[in-house]
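Engineer: Given only the sequences and the hints, what does the whole structure look like? Please build it.
Chains F and R supply the protein sequences, listed in that same order.
In this note's numbering, each number is its position in the first sequence, counted from 1, plus 2.
In this note's numbering, each number is its position in the second sequence, counted from 1, plus 90.
Check each hint, because a few of them may be wrong.
Once the Cα atoms are required to be at most 16 Å apart in a straight line, the calculated EDC-like pairs of lysine to aspartate or glutamate come out as [unchecked claim]: (1) F:Lys51 - F:Asp17; (2) F:Lys21 - F:Glu61; (3) R:Lys128 - F:Asp149; (4) R:Lys248 - R:Glu301; (5) R:Lys129 - F:Asp124; (6) F:Lys160 - F:Glu180; (7) R:Lys241 - R:Asp305; (8) F:Lys51 - F:Glu61; (9) F:Lys153 - F:Glu14; (10) F:Lys153 - F:Glu9; (11) R:Lys128 - F:Asp124; (12) F:Lys21 - F:Asp149; (13) R:Lys128 - F:Asp120; (14) F:Lys160 - F:Glu182; (15) R:Lys129 - F:Asp120.
These are calculated hints, taken from the structure and not from any lab test.
The structure presented is a predicted model; accordingly, all values stated were derived computationally and were not measured.
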Amino acid sequence: MLKEKTEIMDNERVDRSIKRMMHEILERNHGTQEVVIVGIKTRGVPLAKRLHHMFKEFEGVDLPLGYLDITLYRDDLTTISQQPVVHGTHIPFDVTGKIIILVDDVLYTGRTVRAALDELIDFGRPAAIQLAVLVDRGHRELPIRADFVGKNIPTSHKEVIAVRLEEIDGHNKVVIMEEEE
Amino acid sequence: MSFNRKDILGLQEMSREEIEYILDTAVPFKEITLRPIKKIPTLRGKTVINLFYEPSTRTRTSFELAGKRMSADVINISTSASSIVKGESLKDTALTLQALGADVVIIRHGMSGAPHLVGQTIKAGVINAGDGTHEHPTQALLDLYTIREKKGQVAGLKVAIVGDILHSRVARSDIWGLTKMGAEVVVAGPNTLLPPELQSLGIKACTNVEEAIKDADVIQVLRIQQERQEKGLFPSLREYSRLYGINHERLKYAAKDVLVMHPGPINRGVEITPDVADSNQSAILDQVTNGLAIRMALLYLLAGGGGEV
Numbered sequence: 003m004l005k006e007k008t009e010i011m012d013n014e015r016v017d018r019s020i021k022r023m024m025h026e027i028l029e030r031n032h033g034t035q036e037v038v039i040v041g042i043k044t045r046g047v048p049l050a051k052r053l054h055h056m057f058k059e060f061e062g063v064d065l066p067l068g069y070l071d072i073t074l075y076r077d078d079l080t081t082i083s084q085q086p087v088v089h090g091t092h093i094p095f096d097v098t099g100k101i102i103i104l105v106d107d108v109l110y111t112g113r114t115v116r117a118a119l120d121e122l123i124d125f126g127r128p129a130a131i132q133l134a135v136l137v138d139r140g141h142r143e144l145p146i147r148a149d150f151v152g153k154n155i156p157t158s159h160k161e162v163i164a165v166r167l168e169e170i171d172g173h174n175k176v177v178i179m180e181e182e183e
Numbered sequence: 091m092s093f094n095r096k097d098i099l100g101l102q103e104m105s106r107e108e109i110e111y112i113l114d115t116a117v118p119f120k121e122i123t124l125r126p127i128k129k130i131p132t133l134r135g136k137t138v139i140n141l142f143y144e145p146s147t148r149t150r151t152s153f154e155l156a157g158k159r160m161s162a163d164v165i166n167i168s169t170s171a172s173s174i175v176k177g178e179s180l181k182d183t184a185l186t187l188q189a190l191g192a193d194v195v196i197i198r199h200g201m202s203g204a205p206h207l208v209g210q211t212i213k214a215g216v217i218n219a220g221d222g223t224h225e226h227p228t229q230a231l232l233d234l235y236t237i238r239e240k241k242g243q244v245a246g247l248k249v250a251i252v253g254d255i256l257h258s259r260v261a262r263s264d265i266w267g268l269t270k271m272g273a274e275v276v277v278a279g280p281n282t283l284l285p286p287e288l289q290s291l292g293i294k295a296c297t298n299v300e301e302a303i304k305d306a307d308v309i310q311v312l313r314i315q316q317e318r319q320e321k322g323l324f325p326s327l328r329e330y331s332r333l334y335g336i337n338h339e340r341l342k343y344a345a346k347d348v349l350v351m352h353p354g355p356i357n358r359g360v361e362i363t364p365d366v367a368d369s370n371q372s373a374i375l376d377q378v379t380n381g382l383a384i385r386m387a388l389l390y391l392l393a394g395g396g397g398e399v
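Structural biologist: And the structure:
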């Protein structure tokens, strides 16, 4: 059983982090020219939507928005006994020449991002892919890093970072969970 | 729900939940078939073998393409160019394929039950691509997918199946699938081509095609197998076409937005007129496209996960 250990971010801090990342994205790319947003399922999707909403609210731009289901690109399919449910990918624009802001909730081993990069490349040749995550908890197993980070949270392997989002869980917060003794 | 079948042998033994799970899984695979680069790495290192004892173009090609798009190695064995002509038994052929490392074997055979025998013999997943006059489950699944995609749902629809029901494994699988999904099924054809056991399935059978397709939401037209005529089961193709062929005049009996389907290959001008086959109401080519998505989904469900094989 997992039990809640510490609350790291509340609703307000989640929103503030996304807003800051939006500004960093603007700064890095000198505006929003060719910028598109792609969320990784499941919790990267509502985060991508929020980022998209903030660009609309503060910059007045309606950026193209898509989402990825990386299930079919996982590197552990042969080692898990049950096939995970495939929910589907939706990229309603040509990625070639675009700057893709790839959004996920937690960056951990980097394996999900590896799968997402492979899947994106199968849609065309983007000009760049930049990674935005709400939480970077360390313990990378691949040479992957985030371009935009909401919060760095050093963790141990035993801990689990739970990102709860209103769209899925009914409320916004980030907590550290730990195995109960 | 979780899906844990080793083999896909028929819809008779499948629950409605399992059928819906397969249809749901096929939806994301259809998206992949519409991408510019139609290739995913999911079945890298897996081996898919098409073992066809009967001729087939679309089913075999569809499975081959499904496997290749998922990066599996796909091998086609046709009986005329294999050891089967030297008298190798089905069981020995199956064991040989297992020894070669097959992960999924897709089999079409003239004898009903042949895929079941292969499924019991080997550890690999087995998919029935048509056995005798018994079942053709992947065709029925793609038919259900097409109906659901076009009509929103299957439950509550009236579906007419017209033609040679007696010899049709497609009709049998369709009947199982459609009734489990809650559709009302009516079949029509000459008396000599209607099997007597239909009543026990709760299926209405008509010899009058207008009666069968009256207010139908979907019509599945079956191919008239020309070789049957020689056995004297119906007098002539021309008479069949006149009495049972689906043409524009006859479609007026059906619902206004009726969907016309055909598992192919079609005999234009026999069971269906060219203008109906090529009309907006025809979903014949959608069926082919959807077949690819269904077969990719089944390969994923049988070989996508699990390190136990």
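Engineer: So, for every hint listed, does it hold in this structure?
Structural biologist: Verification of the hints:
Pair hint F:Lys51 plus F:Asp17 holds up; C-alpha atoms about 12 Å apart against a cutoff of 16 Å. Taking the CA atoms of F:Lys21 and F:Glu61, the gap is near 11 Å; set against the 16 Å cutoff, the hint holds. For a cut-off of 16 Å, the pair hint linking R:Lys128 to F:Asp149 is broken: about 30 Å separates their Cα positions. Pair hint R:Lys248 plus R:Glu301 holds up; C-alpha atoms about 12 Å apart against a cutoff of 16 Å.
Proposed proximity of R:Lys129 and F:Asp124 is supported: the alpha carbons are some 8 Å apart, at most 16 Å. This hinted pair checks out: F:Lys160 and F:Glu180 have alpha carbons roughly 7 Å apart, not beyond 16 Å. At roughly 15 Å between alpha-carbon atoms, R:Lys241 and R:Asp305 fall within 16 Å of each other, so this suggested pair holds. Distance restraint check for F:Lys51 and F:Glu61: the Cα-Cα separation of roughly 15 Å lies within the 16 Å cut-off, and the hinted pair is therefore satisfied.
Distance restraint check for F:Lys153 and F:Glu14: the Cα-Cα separation of roughly 13 Å lies within the 16 Å cut-off, and the hinted pair is therefore satisfied. Proximity of F:Lys153 to F:Glu9 is assessed by CA-CA distance (about 13 Å); at most 16 Å being required, the pair is judged to hold. Restraint check for R:Lys128 and F:Asp124: satisfied, since their Cα atoms lie roughly 8 Å apart, inside the 16 Å limit. A C-alpha spacing of about 15 Å is found between F:Lys21 and F:Asp149, which places the hinted pair at or below 16 Å, so the restraint holds.
Under the criterion of a C-alpha separation no larger than 16 Å, the hint pairing R:Lys128 with F:Asp120 is consistent with the structure, at around 13 Å. Simply put, F:Lys160 and F:Glu182 have alpha-carbon atoms about 10 Å apart, close enough for the 16 Å limit, and the pair holds. Distance restraint check for R:Lys129 and F:Asp120: the Cα-Cα separation of roughly 11 Å lies within the 16 Å cut-off, and the hinted pair is therefore satisfied.
This entry does not satisfy hint 3, going by the numbered hints stated previously; all others are met.
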